[in-house]
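Undergrad: If you read the protein sequences in the order shown, they are chains A and B. Under the numbering used here, think of the first position of the first sequence as 2, with each following residue one higher. Under the numbering used here, think of the first position of the second sequence as 36, with each following residue one higher.
Think of the hints as simulated: they come from the structure by calculation, not from any bench. On a predicted model such as this, the values are computed, not experimentally measured, just so you know. Even glycine gets a Cβ: it sits at the ideal position worked out from N, Cα and C. No false leads were slipped in.
With a straight-line cut-off of 20 Å between C-alpha atoms, the simulated SDA-like cross-links for lysine to any residue are:
{"#": "1", "chain 1": "B", "residue 1": "Lys195", "chain 2": "A", "residue 2": "Gly56"}
{"#": "2", "chain 1": "B", "residue 1": "Lys38", "chain 2": "A", "residue 2": "Glu55"}
{"#": "3", "chain 1": "B", "residue 1": "Lys48", "chain 2": "B", "residue 2": "Ile247"}
{"#": "4", "chain 1": "B", "residue 1": "Lys38", "chain 2": "A", "residue 2": "Arg54"}
{"#": "5", "chain 1": "B", "residue 1": "Lys40", "chain 2": "A", "residue 2": "Val19"}
{"#": "6", "chain 1": "B", "residue 1": "Lys195", "chain 2": "A", "residue 2": "Ser49"}
{"#": "7", "chain 1": "B", "residue 1": "Lys40", "chain 2": "A", "residue 2": "Arg72"}
Residues on chain B that point at chain A, a partial pick, calculated with CB under 7 Å:
{"#": "8", "residue": "Gln136"}
{"#": "9", "residue": "Val177"}
{"#": "10", "residue": "Ala188"}
{"#": "11", "residue": "Cys192"}
{"#": "12", "residue": "Val215"}
{"#": "13", "residue": "Asn218"}
{"#": "14", "residue": "Gly219"}
{"#": "15", "residue": "Ser221"}
{"#": "16", "residue": "His222"}
{"#": "17", "residue": "Arg250"}
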Amino acid sequence: MLESLLALGGLVLLRDSVEWEGRSLLKALIKKSAACGEQVHILGCEVSEEEFREGFDSHVNSRLVYHDLFRDPLNWSKTGEALPEGPLGALRAMCRRTNPGPVTIALDSLSWLLLHLPCTTLCQTLHALSHQDSCPGNSTPVEPVHVLGLLHEELHGPGPVGALSSLAQAEVTLSGAMGQASAHILYRRPRQRPTHQTQWFSILPDFSLDLRRGPPLELQRHPDPHTPPTAGSTAPW
Amino acid sequence: LTKGKLTLLCDAKTDGSFLVHHFLSFYLKANCKVCFVALIQSFSHYNIVGQKLGVSLTTARERGQLVFLEGLKSSVDVFFRSQEEPHPLQFLREANTGNLQPLFEFVREALKPGDNAEAAWRCPVLLVDDLSVLLSLGVGAVAVLDFIHYCRATVCCELKGNIVTLVHDSGDAEDEENDVLLNGLSHQSHLILRAEGLATGFCRDVHGQLRILWRRPSQLTAQRDRSLTYQYKIQDKSVSFFAKGMSPAVL
Chain A
2 MLESLLALGG LVLLRDSVEW EGRSLLKALI KKSAACGEQV HILGCEVSEE EFREGFDSHV
62 NSRLVYHDLF RDPLNWSKTG EALPEGPLGA LRAMCRRTNP GPVTIALDSL SWLLLHLPCT
122 TLCQTLHALS HQDSCPGNST PVEPVHVLGL LHEELHGPGP VGALSSLAQA EVTLSGAMGQ
182 ASAHILYRRP RQRPTHQTQW FSILPDFSLD LRRGPPLELQ RHPDPHTPPT AGSTAPW
Chain B
36 LTKGKLTLLC DAKTDGSFLV HHFLSFYLKA NCKVCFVALI QSFSHYNIVG QKLGVSLTTA
96 RERGQLVFLE GLKSSVDVFF RSQEEPHPLQ FLREANTGNL QPLFEFVREA LKPGDNAEAA
156 WRCPVLLVDD LSVLLSLGVG AVAVLDFIHY CRATVCCELK GNIVTLVHDS GDAEDEENDV
216 LLNGLSHQSH LILRAEGLAT GFCRDVHGQL RILWRRPSQL TAQRDRSLTY QYKIQDKSVS
276 FFAKGMSPAV L
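For reference, chain B alone in the conformation it holds in the complex (with noise of 0.2 Å):
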């Protein structure tokens, strides 16, 4: 379990969100402090998925391990409390969007180490489904990355902990905030994985290809070490993956 990384998680002509979906349980089943900033689905879809891939969201939240911000749910709450509570989807009430400090904020109090009577979790992990959206809602590209730039000062070098966020590529789509948001955050990080339809469009039995990018290596390598593409199929409570070229069903 490496720490102090931050992983960027990115879709192109495909959803990537079971990335997500395998980062959640991942973290954990190894027994990690999480906070999830879900922003695009209800809590019982990824309770659901989670259930799939062996973990109970549910039990993970009672027991204090999961800190889950329903985004969907909570947005509403904005608009019912008095302007004075902070609230961590606090710029969706605001004409001039500023900053999400109020967001950081709820991730710094989420994540902060807890008092010795709290079991002892492994390092604290903060995902993001998805930053995108943010802008869809009227962010800033640059204040959504000095968000993630105050997560990583703080999970990544100060609690030793790790970032996982998705952001989708609008490719041709020529969103230029986007582009800056997606490429700001591929300067930031340590890995980055991209999901990619392929471009012979839609296949039963091959559904898209990763490509992984190691960035920031601590111990520099060889840069041919540094990425590599798998091609991948997404099953019911799995994802196969496989060299381009040799899925099962074309040997």
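Here chain A stands alone, though its shape is the one from the complex (with noise of 0.2 Å):
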């Protein structure tokens, strides 16, 4: 189920089309993250902090850690404001945590520091984010960090998505028909074989989650748009 995608530690790759875009279902996972007293740091490289922040009430917002790559992502303005490292610092900081509690990160996206970055430095430094088992210094064991991340498919060839695929707990593959959204889900647990799930649903405007039992009804009755129905179909009248 989608709900669940937040019960495992790890990375989620959210992958989404210009069709089905998928930030508001990263906002809608984030929401649920906040609810439920985590920390969410977001990375947010395509958006502005305040159209990000747009849709959520005081109490999300409140736990949000925006960390701005949108404004001056390759300091062209040169006034100091741009994050000091760049965007491979600005990950590599992520994994230094400073507190034991739930954390979730969120980077929108993927795709943007997959164009900026080396692949292969990208995978390193989310494995490192992901695995985050210890603070430094510290014995105590640590709750899991979440790592959602959001990545638009037709951007990137097969060698990259195939390699981001490889570190994922689980991948959502978003799409939909009739108007309606739908994320395929791939969980992938440890020692167990993959397995697969679509769940359709939609995103009311606070980004609550509307989960739905099925696909629309019209694509239920006629499954081939261009299909009519046949003689004997059952019908409503």
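Two chains, each in its own frame: build the complex with the hints.
TA: Put into structure tokens, the structure is as follows:
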């Protein structure tokens, strides 16, 4: 189920497309994490902080820490406002945990990072990010880190996408039909076969998740939109 | 007049420049301050078409409403300037085309709010015709995406203005760089207008179809409200739109 994605530690890939955007689902999952009391760190590369926080209530916003890589990611303004170590430094800084509490890290987006960093470097840093199991200088076990990474499928070849997939505990591929969004979820559990599930859903204006039991009625009645119903098929009239 | 939006114009198997002319005349008539990075045609070409649509680019430029970068003319200047002087098309002179920061600086300078003596224009607008030609000139797709990223941050977010830009869809030509550019821009866009030639070929009365896709809505609406398709016919001074199969020539 979509909602149980957050129970997994490690990396969850959200794979979206131009037609079926994934930022709304990312924000819905962030809202759930914040509602559970987690602090959420967002590495924001593609939209402004103001736009990202839009739609969240004050409780959720108070739990979000937005690391702004959008305004000046390449230090063109030279005003000192850019994150000092650039995209890679910002990502590595997230690997250095300062408290043992539960935390969610959202990467918006992995595609932007993949276009600006070598794939191997990004994968190594992601692996370190999603396998943080101790605080420096502290032997007390800490809560696992949840990493949500938004990936725009059409931008990358099969090699980099495959490399990122191999790091992920779960992948959510967004699509839909008849105006209804669906998520195809692939779970990878250690020493078990991967499991697949499809969940139809919609996202409400406050970024709550509204899970649907199945595809839209029109799709159930007419699976092929170009083929009219055959004689003898059940019709409500 | 919506503000803070990036509109992507895209054409596939047809010429989508009529959309560029439309938006140029639309924003000039709406009294917006316009920066037009025109890399494809001459100033006089855009001016002639603009006059058919009811605007004079000459007048707009003279009164400071329009900042026009004429790529065809200005590209020659690059080679007759000393290298120390920054030029928006400086990348033409560099062996390894790095980034489009000088072009971004030009846009930012053109659209920054002026002093009080300047007329109170409505929101600033950046128009680019077109981005695909930058790939042909040796700029990488990521560098073009970075340029639009910075323009978005400044024009859309900081200045609450709009950006309209045209990219060609190479379709089956397997142009990977252009695909990265087109898809990358699509993900950044709030609105995508895609002009497509008809699958059946040329038609005298229907010149193509226009697909409209709304993305990143601030108020989430049903997905089915987010896309529409119309067919169109370009006339001398206007474009007429109609539902698919409903061309007046057919009815």
